[in-house]
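Protein chains: 2
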Amino acid sequence: MRWVRVETENGPSYGIIDGDIVSLVKNCLFDDIEFTGENINLDSAKLMVPLVPKTFYAAGLNYAQHVIEQAKANNREPNIPNEPHIGYRATNALIAHGEPIIKPKDASDEFQYEGELVVVIGKRGKNLSEDEALDIVFGYSIGNDVSERKWQREDRTMWRAKNTDTFKPMGPWIETEVELNNLLTTVRVNDREVISFQTNNMIFGVQKFISAMSKYLTLIPGDMIWMGTEGHSKNLSPGDVCDISISGIGTLSNPVVAGV
Amino acid sequence: MRWVRVETENGPSYGIIDGDIVSLVKNCLFDDIEFTGENINLDSAKLMVPLVPKTFYAAGLNYAQHVIEQAKANNREPNIPNEPHIGYRATNALIAHGEPIIKPKDASDEFQYEGELVVVIGKRGKNLSEDEALDIVFGYSIGNDVSERKWQREDRTMWRAKNTDTFKPMGPWIETEVELNNLLTTVRVNDREVISFQTNNMIFGVQKFISAMSKYLTLIPGDMIWMGTEGHSKNLSPGDVCDISISGIGTLSNPVVAGV
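First to last, the sequence lines map onto chains A and B.
Once you know that position 27 of the first sequence is 28 in the numbering used here, the rest is easy, because the numbers rise by one and skip nothing.
Once you know that position 98 of the second sequence is 99 in the numbering used here, the rest is easy, because the numbers rise by one and skip nothing.
Calculated from the structure, these hints are not laboratory results.
Careful: at least some of the hints might be erroneous.
The list makes no distinction among identical chains, and a pair is therefore deemed to hold if it is satisfied within one copy or across any two copies.
Calculated cross-link-like contacts (lysine to any residue; reagent style SDA-like; alpha-carbon spacing at most 20 Å) [claimed, not checked]:
1. Lys73 <-> Glu35
2. Lys216 <-> Asn76
3. Lys106 <-> Ser215
4. Lys209 <-> Pro256
5. Lys235 <-> Ala74
6. Lys216 <-> Gly232
7. Lys216 <-> Thr92
8. Lys124 <-> Gly206
9. Lys55 <-> Arg125
10. Lys55 <-> Pro222
11. Lys124 <-> Leu25
12. Lys55 <-> Leu135
13. Lys209 <-> Ile221
14. Lys127 <-> Gly88
15. Lys209 <-> Asp156
16. Lys209 <-> Thr158
17. Lys127 <-> Val261
18. Lys216 <-> Pro101
19. Lys47 <-> Glu155
20. Lys235 <-> Ser45
21. Lys106 <-> Leu129
22. Lys124 <-> Leu181
23. Lys209 <-> Ser24
24. Lys216 <-> Pro105
25. Lys151 <-> Ile69
26. Lys151 <-> His233
Note that the coordinates shown come from a computational prediction; the quantities given were computed from them, not determined experimentally.
Whole structure, please, built from the sequences with the hints as guidance.
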């Protein structure tokens, strides 16, 4: 099932996609479905960020080639993580499918996409085994963990390198029926493929991360986890359009514009 | 004005404190005040975390002596930050005044308090000057940024060192009338004072942080910023009670218990 959040005359509403039609529902995610009876066309719907999370978790370094390439770019030895240590991103930076990524005036040329699988938590969980971990997952979406590498290298935290307003495109929707091992992530810039990788080829998979996190923290409905990206990203410039596709989920597309 | 969040038969409610009385209100923080007409005694009220934040910001290293002492404890040269780079904490870890801080079984002895000023944002703000920064502040509270130093040194992120469940006591309430330069923070463990410092003796003050942050990110009502702590903390053990007082705001008190 595919959940979308759309702007309506009465404010934000969730809906369920069937073909080209969005059937609006009264409830939020995670509740029993109650249709309003109103249907709109997906093509004309104004899509919103599909979830404003309770806590916005991010795995960071979670694909081997990305760790190696990032280390090379920074003249460091690669340091493959041996434990799943989760990080954080911030909701101010979220934008929806189609909305512009604004490159700040003072950002360097090293302004880059990162195509990521997004895990949406739908149930409360603590002390979960890896076998139990997927029981609390509601569905999956697509994220673009836009990063300014100079700030990422030089700042004490990743606050502006990764969390400047508009740096976190997410969407277009949340898909509940996903077979993790079948997913392929493909990133295209201006319709040219720049990377393609097996989505589930992570250093620590979704089950491992959820189980490890839940040993120390309680996950709750509305939390989400971005699972990291693969490879070395190329630079984005104003005028570019960045598309991130995950097979079985969809395509998240955002133009890049210059900040004023 | 002093805002408190209390548990009632009908769920969480905000109230305004006048002496020993809490007058319940229909609204949340930031809205026009509308009293329900119901009053309860502060002494018998079950206090809740006064705010579940939209984004939970934390200044981290923001007092000179703390930076020096932390570096000494880790056999490093102190590195006083020259820019206000904000970090993050997570809401799962929040507990209210009076609730127990649970020391995990596998935590080391280096399990420590950090007494901090909490800034609650009440208005939307972007690109604010330092002179404008306090215009978006709703009020102030007290936080205990409980930290497990071994995990803080060894993990790739501060996820469990600072964000394990119960590691973020906050409260007891939010005070809107505060003169930042008059504040004194005092930490007591089992009624013995362990540190006392001028709250506003920060490397980067509240105005500086808000102004710098707002150059890149939009602050919104319900965000909060923990401003860091001073000095070197001592270890907490199960059975201890940790009190953090900030003059003009109040005292946040939490017992420490052993995890099972």
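Problem set entry | Numbers of unmet hints, in rising order | 1, 2, 4, 6, 11, 19, 20 and 23
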